[in-house]
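Whenever a hint applies, use it, and build me the whole structure from the sequences.
Numbering (our numbering), first residue to last: 10 to 241.
Honestly, the hints are just simulated from the structure, not real lab data.
Be aware that a few hints might be false.
Straight-line distance between alpha carbons at most 27 Å, and here's what the computed BS3-like set of lysine-lysine pairs gives [claimed, not checked]: (1) 171 x 87; (2) 171 x 208; (3) 165 x 112; (4) 169 x 108; (5) 83 x 171; (6) 87 x 103.
What follows is a list of derived Cβ distance ranges for each label pair [what the hints assert, rightly or not]: (7) 107 x 212: 42 to 48 Å; (8) 68 x 197: 37 to 43 Å; (9) 218 x 183: 40 to 46 Å; (10) 237 x 183: 45 to 51 Å; (11) 104 x 209: 46 to 52 Å; (12) 105 x 234: 35 to 41 Å; (13) 89 x 183: 25 to 31 Å; (14) 234 x 204: 16 to 22 Å; (15) 187 x 67: 27 to 33 Å; (16) 69 x 122: 29 to 35 Å.
All values reported here derive from a predicted model rather than from experimental measurement.
Virtual Cβ for every residue (Gly too), placed ideally from N, Cα, C.
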Amino acid sequence: MKKIVYILSFILICLGACKAPVDKNQDKGPLILSSIHPYELLLKQMVGDAIEVRSMIPPNASVHSFSPQPSDLKDLHKAELIVINGLGLEDMLKQSLDKAGNKLIDSSLLLSDLIALDSLNQVREQLIHNHQTEDEHHHHSGSDPHLWTSPRMMMKLATKLKAELVERFTDFAPLINHNYETIYSGLSAADELIKNERKTFTDPALVTYHNSFHYFCRDYDIHYLGWVQSSP
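Printed below as a string of structure tokens:
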């Protein structure tokens, strides 16, 4: 199991390798906004330096307590594309996001078939373990919003986002397609490593601090034994 943790850490390091400080006062042309840091990292790898990418909610901030500043609302108006997680994670921005129109991409809608599968599994588990209390389930819209914790979910999301980016930023299509291949190859390799490592365990179980690894455990057949805290 330690190897799986190391693999996940490696993925995050690779995604963060291209991260650099951004001066919000600089006007670099097109702007893509992500609601949270994991999607900022993915989008930056996809578009490179061709398009500015920023996250609205800083990496060290909690989505549960974040309050947008006037500069954030200004960025929402300026951005040509806004990528959010969905599933209630950005409720604090709902009023502003509702005005974004076709600039808005909801990642949960792009992954709706995989999330629906997870929801069916949750319903089945509730029927089997009907002694569980409501507090034991995640409070975001009935589905786990932590889509980015599974490489398989991110592989599909990368494919969907690539199509959106190529359509909206046609001048950068060759660059985006090239970078996408690198990203997908890396995620696919991570998927294979985790699958092979999983085979060395019999009925593995995982306990985490926050209940954010439902999709990871589902995709790699790991029993999610429990978590310490439902909300940070």
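- Task: Please name the hints from earlier in the document that this structure breaks, with their numbers sorted from lowest to highest.
- Result: Hints 2, 8, 13 are the ones this structure does not satisfy, whereas the remaining hints hold.
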